[in-house]
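What follows is each chain in one-letter form.
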Amino acid sequence: MNAVLREMEATTAPLSVSGLVHCYEGSNVLTGVDLTLEPGSVLGLIGRNGAGKSTLLRIMLGLLQPLAGEALVFGKPALKLDDAAKARIAYVPQQPEALAWLTAQQMLDFVGRFYPRWDAAFARRMLERWQIAPNKLLAKLSPGERQRVDLIRALASQPELLVLDEPAAALDPVARRELLREVALRAGESGTTVLFSTHIVSDLERVASEIAFLHQGKLLMRCSVDETKEHYARLWLPARMSAAAPAPALSRRRHDDGSLSLVVERDAHGQWPEAAKLPGARVDALGLEDLFVEIAE
Amino acid sequence: MDASLLTVQPAAPEPIYRQIVEQLRRLIAGGQLAAGDSLPSVRDVAGFHAINPMTVSRAYGIAESEGLLERQRGKGMVVAGTHKTTQAASHRLALLEPQLQALVRQTRELELPAEPVLRRLTKLLGE
Chain A
1 MNAVLREMEA TTAPLSVSGL VHCYEGSNVL TGVDLTLEPG SVLGLIGRNG
51 AGKSTLLRIM LGLLQPLAGE ALVFGKPALK LDDAAKARIA YVPQQPEALA
101 WLTAQQMLDF VGRFYPRWDA AFARRMLERW QIAPNKLLAK LSPGERQRVD
151 LIRALASQPE LLVLDEPAAA LDPVARRELL REVALRAGES GTTVLFSTHI
201 VSDLERVASE IAFLHQGKLL MRCSVDETKE HYARLWLPAR MSAAAPAPAL
251 SRRRHDDGSL SLVVERDAHG QWPEAAKLPG ARVDALGLED LFVEIAE
Chain B
1 MDASLLTVQP AAPEPIYRQI VEQLRRLIAG GQLAAGDSLP SVRDVAGFHA
51 INPMTVSRAY GIAESEGLLE RQRGKGMVVA GTHKTTQAAS HRLALLEPQL
101 QALVRQTREL ELPAEPVLRR LTKLLGE
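Protein sequences, first through last, are from chains A and B. Every letter in the first sequence is one number past the one before it in the working numbering, and letter 232, counting from 1, is 232. Every letter in the second sequence is one number past the one before it in the working numbering, and letter 82, counting from 1, is 82.
Quick caveat, the hints were computed from the structure, so don't treat them as lab data. Keep in mind that a hint or two might mislead.
[Said to hold, decoys possible] So the derived label-pair ranges between C-beta atoms look like this:
no., chain 1, residue 1, chain 2, residue 2, range
1, B, Asp37, A, Cys23, 57 to 67 Å
2, A, Pro248, B, Pro116, 34 to 44 Å
3, B, Ala12, A, Ala121, 31 to 41 Å
Since the structure is predicted, the reported quantities are computational estimates derived from the model, not experimental observations. Virtual Cβ for every residue (Gly too), placed ideally from N, Cα, C.
This is chain B alone, in the form it adopts within the complex:
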């Protein structure tokens, strides 16, 4: 994996370390990163994005404690073994929770009933 695969938006309300963990989670859940794939070093990520290396270390540390990554001698961080990476549907669904809640909030703000929103969503998902 290359450091350029990650995107960093410093001005977003979400802290950069969380942005990185979130992207790793998605890349792994979506299969773009497979078990055993090496991650770029902390220095590479920090240098490429001009961010504080401690931010990257923190993100890697969290991803490691969540079982997404593991430290391998001589290779640095790699994507953790398959039993951990093929995640249950419930786990993948949990990743959508913030977007679903935002959708609910906006539906309420627009004073829309649930029915047409669900219909539209079903149609979009079916496509």
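In isolation and in its complexed conformation, chain A is listed as follows:
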């Protein structure tokens, strides 16, 4: 019986949403989002400012009720999580505001009691490393420092599911690299499932196993980082050949001189569309950032 239960635990997606629709004051933010996270995966969510990334994360965790659709955390409705489920999750919002009347040390001591696997030594070490005065009131810290304290809180709880909203915003390059290292090693060694939103694409390329691309309320793309790099490229066609452009393309841009840029995909045999072989055509490999810009523009 226990073995069956364990098996179910292992195969239940930490996060899963379907058919999410949400809007603020009449303007649509999410228009039908489906997304499932496999255990142990590191999913990077990218999208432009205002694309609805934070809204999506909040709905996924049950912090916001969507207009329509379903959100599950470890297989249970996100809006009705019990304390045991909450102890397995850590979420760091972009602007943490909770418990501002405590000092960093008091807050960490306080919340540590709610987590069965709290790592107090790690919390102490990181406060020192990230140069946070332990006895200063949270309310008196800068927004960047507040988010760093919250990241320490999240990591010290050793969660099974870690959700970070733009974690890079508050960190300098050295601290950012340290955070990425923590995220990468925990995912690889403890099987922590990680979901983080960012617009710093190179962070995502380091640690993410998958990316999801939120654009105009929908997930445009959801695939592994390596595959994305290998399967998509930019095809440039001079004006005189633009009629030969393949119809299915992720994005299509006509330049002032009549030439065309398209984002194209390899077919099932690993071949680029026929037009790529025309004389004068060019296929350029794309990094994720270029791909993002091509598609989001």
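Based on these hints, arrange chain B on the given structure of chain A.
Quick look at chain B alone, frame taken from chain A:
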């Protein structure tokens, strides 16, 4: 070998696992890594470069299946035995193929005939 010997460019169009395999291939073909040399653990490489350990495992797995590396009990990954590492000239030449193709493409874009390019290349190689 130390994890710092590898360089990782996350923003490059080439996936990180391929960058690692490619560098191992070159380090071994060029003799910087000799048969029997230990490789850093997956954790060391992932930690040093702040990359996903699965990416490193994947790279090591491919290098192992290509015969560049072998798994040794108690020692982890090591560079495979000499018969495999001293590679044929044709094999080493194949490593240059992408650069050669890029050269050809750019030669055509610049509308240069082959002759002066080959002359220049011969001179550079002779130096």
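Going down the list of hints, with the structure as the test:
1. B:Asp37 - A:Cys23: 57 to 67 Å: holds, 59 Å
2. A:Pro248 - B:Pro116: 34 to 44 Å: Distance hint for proline 248 (chain A), proline 116 (chain B) holds at roughly 42 Å.
3. B:Ala12 - A:Ala121: 31 to 41 Å: Roughly 37 Å apart at Cβ, these two residues keep to the hinted range, so it holds.
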